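Undergrad: Spelled out, the chains give:
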Amino acid sequence: MNEYIIGIIALTGIQLIAMLGVSLLSGFTGLFSFGHAGFMAIGGYVSALSVKYLQIPIFCGVILGVLAATLIGIVVGYPALRLKGDYFLIATLGFGEAVRQIIEYANITGGAKGLPDVAKAFNLPTILLIDILVIILLVNFLRSTHGRNCIAIREEETAAQAMGIDITKYKTISFAISCALAGLSGAMMAHFLQYLHPAMFGMPISNMLIITVILGGLGSITGTILATCILVPLPELLRIENIQSWRMVAYGVIILLIVQFKPSGLYGYKELTFKQIKKYIANLKMRLNRRRKSFD
Amino acid sequence: MTDNCILKINDLNKTFGGLAAVSDVCLNVNEGEIYGLIGPNGAGKTTIFNLITGIIEPTNGSISFCGEELVGLKPHEIAIKGIGRTFQNIKLFGNLTVFDNILTVAQAGSNYSLIDGFLRNKKCRRWEKELSQMSYDIIDRMGISKYSEILTSNLPYGVQRRVEIARALALKPKLLLLDEPAAGMNEDESYELSNLIKVIRDEFNVSIIVIDHHMDFIMDICNKITVLNFGKIIATGNGEEIQNNTAVVEAYLGVDEDD
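Read top to bottom, the protein sequences are chains Z and E. Letter 63 of the first sequence, counting from 1, is numbered 62 in numbering that gives the first Met the number 0, and no numbers are missing. Letter 24 of the second sequence, counting from 1, is numbered 23 in numbering that gives the first Met the number 0, and no numbers are missing.
Since the hints were made in silico from the structure, they are not lab data. There's no promise every hint is true.
Calculated cross-link-like contacts (lysine-lysine; reagent style DSS-like; alpha-carbon spacing at most 25 Å) [as the list claims (entries may be wrong)]:
{"no.": "1", "chain 1": "E", "residue 1": "K73", "chain 2": "E", "residue 2": "K171"}
{"no.": "2", "chain 1": "Z", "residue 1": "K274", "chain 2": "E", "residue 2": "K73"}
{"no.": "3", "chain 1": "E", "residue 1": "K171", "chain 2": "Z", "residue 2": "K269"}
Now the in silico label distances, taken between C-beta atoms and shown as ranges [what the hints assert, rightly or not]:
{"no.": "4", "chain 1": "E", "residue 1": "E67", "chain 2": "Z", "residue 2": "E156", "range": "21 to 27 Å"}
{"no.": "5", "chain 1": "E", "residue 1": "A182", "chain 2": "Z", "residue 2": "G84", "range": "26 to 32 Å"}
{"no.": "6", "chain 1": "E", "residue 1": "S112", "chain 2": "Z", "residue 2": "N1", "range": "45 to 51 Å"}
{"no.": "7", "chain 1": "E", "residue 1": "S112", "chain 2": "Z", "residue 2": "P232", "range": "34 to 40 Å"}
{"no.": "8", "chain 1": "Z", "residue 1": "D85", "chain 2": "E", "residue 2": "V248", "range": "46 to 52 Å"}
{"no.": "9", "chain 1": "E", "residue 1": "N9", "chain 2": "Z", "residue 2": "G93", "range": "41 to 47 Å"}
{"no.": "10", "chain 1": "Z", "residue 1": "E235", "chain 2": "E", "residue 2": "A182", "range": "30 to 36 Å"}
{"no.": "11", "chain 1": "Z", "residue 1": "P78", "chain 2": "E", "residue 2": "E67", "range": "27 to 33 Å"}
{"no.": "12", "chain 1": "Z", "residue 1": "F58", "chain 2": "E", "residue 2": "S112", "range": "21 to 27 Å"}
{"no.": "13", "chain 1": "E", "residue 1": "N153", "chain 2": "Z", "residue 2": "P234", "range": "36 to 42 Å"}
{"no.": "14", "chain 1": "E", "residue 1": "Q87", "chain 2": "Z", "residue 2": "E235", "range": "51 to 57 Å"}
{"no.": "15", "chain 1": "Z", "residue 1": "K83", "chain 2": "E", "residue 2": "E76", "range": "17 to 23 Å"}
{"no.": "16", "chain 1": "E", "residue 1": "N9", "chain 2": "Z", "residue 2": "S263", "range": "46 to 52 Å"}
{"no.": "17", "chain 1": "Z", "residue 1": "L237", "chain 2": "E", "residue 2": "S112", "range": "44 to 50 Å"}
Given the structure is predicted, the values throughout are model-derived calculations rather than measurements. Cβ atoms here follow ideal geometry from the backbone N, Cα and C, with glycine treated the same way.
Start from the sequences and build out the full structure, keeping to the hints where you can.
TA: Below you can see the structure in the form of structure tokens.
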């Protein structure tokens with residue numbers, strides 16, 4: 000495989016982690032954030048800078064980045080999660096922009112010029128391994144009482160409360176997990192690309208995170224993975240000689256088509272499980288056998 | 000009589016701006032009782048439920064449940080103390096199956112941590128097994144087993160009401176608040192429901208407060224009835240006393256002009 004394609008797959012894998020975080024928050028808890036690129040930035044810059052100036056191993060730097068994103072997430076989430084509906088969305092949007100501005104004006108981050116020479120880490124197998132690990136942990140979480148509490152909040156907040164679920168606590172937990180995953184994604188991106196720039200974490204990235212999750216289908220990990228694998232590499236795949244300048248238009252058309260013909264997203268409120276796949280294969284075999292018999 | 004009093008409401012008031020939605024309401028619900036709360040539209044019945052469950056806070060007054068003060072507690076804390084409820088306009092978790100609806104609520108006593116949940120270790124799996132057993136048990140006892148794998152938003156109205164009661168029972172409550180459980184039901188269905196409610200009281204050992212408009216329904220199941228009008232109690236007593244009370248007749252049928 001050439002390096003370009005490996006690069007695209009690796010970046011998709013890295014972005015998938017942030018997508019899964021947003022999926023938990025929006026798809027499973029019903030909270031919409033337009034500032035998660037800010038948490039990616041925090042993870043990325045904290046990890047890159049701590050490795051550069053504190054001379055700690057990259058692994059520790061990444062952990063530090065994740066912790067920073069999580070802690071700042073809890074501090075921001077504590078007041079913001081008490082806001083209702085659109086106000087929460089606006090608060091996160093403001094936060095995301097604020098983070099970008101601070102990075103642009105600070106000296107230590109390299110400002111608008113960007114931060115070069117970030118220590119190199121993460122190859123494709125490691126990234127995919129981390130992806131699988133994150134998916135397993137997240138699915139486990141969603142199958143536990145804690146995950147079900149988050150889903151209950153998405154479904155019917157008042158009823159969830161009246162059924163003994165501490166909604167503020169579980170909103171905070173969901174927000175913190177999604178921030179941790181965004182931070183992890185940002186840190187991995189920093190060390191994979193070996194370069195950071197504030198524009199890598201602007202509004203368009205936050206938008207893309209939420210759009211991908213919605214198109215994949217709310218309340219579905221399968222949908223999020225599917226949509227990420229389609230939508231993240233798509234602009235790159237459309238980079239063909241003659242239609243170069245049309246690629247963003249094509250991107251928009253594809254999104255419109257999904258919204259028009261599959262408004263619940265690719266896989267809304269459903270999951271693809273191993274059981275279903277087994278059942279499908281068994282079904283297929285049976286049908287093939289039957290057809291073979293009828294031919295005989 | 001005060002010994003087995005499970006819910007005691009004293010001088011409860013709630014005003015929205017200048018409107019007194021509930022004023023000076025006193026109620027005593029005894030253990031094992033089915034208590035009826037009736038009154039014309041806007042009399043403040045649902046507001047009382049919302050006050051008991053902590054969704055809104057009273058302007059003043061006290062609500063004590065098994066000797067503990069509820070005013071000032073958050074809704075989930077009140078629910079965990081043992082008060083389950085249903086809603087006038089059904090509020091089920093619509094995108095979940097009946098089983099998942101019950102399972103979400105049936106978590107009393109489970110104490111595995113967030114980390115246990117992430118790792119799905121032995122402790123978590125043991126609890127999950129127990130919780131799903133508990134949920135199937137409730138589903139069986141409520142006679143909704145055949146719907147257990149169906150999304151609740153796809154169920155007929157009558158069944159949804161039943162599922163909502165089952166979900167409230169998954170909390171293992173000592174007191175169950177039913178907000179118009181017979182709304183939109185025909186005579187047969189509401190007859191069936193009134194039998195079910197009596198069975199629930201005996202089998203699950205709960206006291207029940209019911210809000211409803213159907214007089215036959217209320218008279219059939221309730222040991223004691225309180226009638227509200229404009230946020231005030233106008234009568235309390237058993238079925239016969241209520242039916243013969245002039246204030247109640249006036250509230251429902253109007254005053255005879257000739258008198």
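Undergrad: It remains to establish, for every hint, whether it holds in the given structure.
TA: How the hints compare with the structure:
1. E/K73 / E/K171: Holds: E/K73 and E/K171 sit about 18 Å apart, inside 25 Å.
2. Z/K274 / E/K73: violated, 41 Å
3. E/K171 / Z/K269: violated, 30 Å
4. E/E67 / Z/E156: 21 to 27 Å: At roughly 25 Å between Cβ atoms, Z/E156 and E/E67 fall inside 21 to 27 Å, so the hint holds.
5. E/A182 / Z/G84: 26 to 32 Å: At 28 Å between Cβs, range holds.
6. E/S112 / Z/N1: 45 to 51 Å: Holds, since E/S112 and Z/N1 (Cβ atoms, about 46 Å apart) stay within the stated range.
7. E/S112 / Z/P232: 34 to 40 Å: holds, 38 Å
8. Z/D85 / E/V248: 46 to 52 Å: Because 49 Å falls inside the window, the suggested range holds.
9. E/N9 / Z/G93: 41 to 47 Å: Roughly 46 Å apart at Cβ, these two residues keep to the hinted range, so it holds.
10. Z/E235 / E/A182: 30 to 36 Å: violated, 56 Å
11. Z/P78 / E/E67: 27 to 33 Å: holds, 31 Å
12. Z/F58 / E/S112: 21 to 27 Å: Between Z/F58 and E/S112, where Cβ atoms are some 25 Å apart, the hint holds.
13. E/N153 / Z/P234: 36 to 42 Å: Given a distance of about 39 Å, which is inside 36 to 42 Å, the answer is holds.
14. E/Q87 / Z/E235: 51 to 57 Å: holds, 53 Å
15. Z/K83 / E/E76: 17 to 23 Å: holds, 21 Å
16. E/N9 / Z/S263: 46 to 52 Å: holds, 49 Å
17. Z/L237 / E/S112: 44 to 50 Å: holds, 46 Å
Violated hints for the displayed structure, listed by number in ascending order: 2, 3 and 10.
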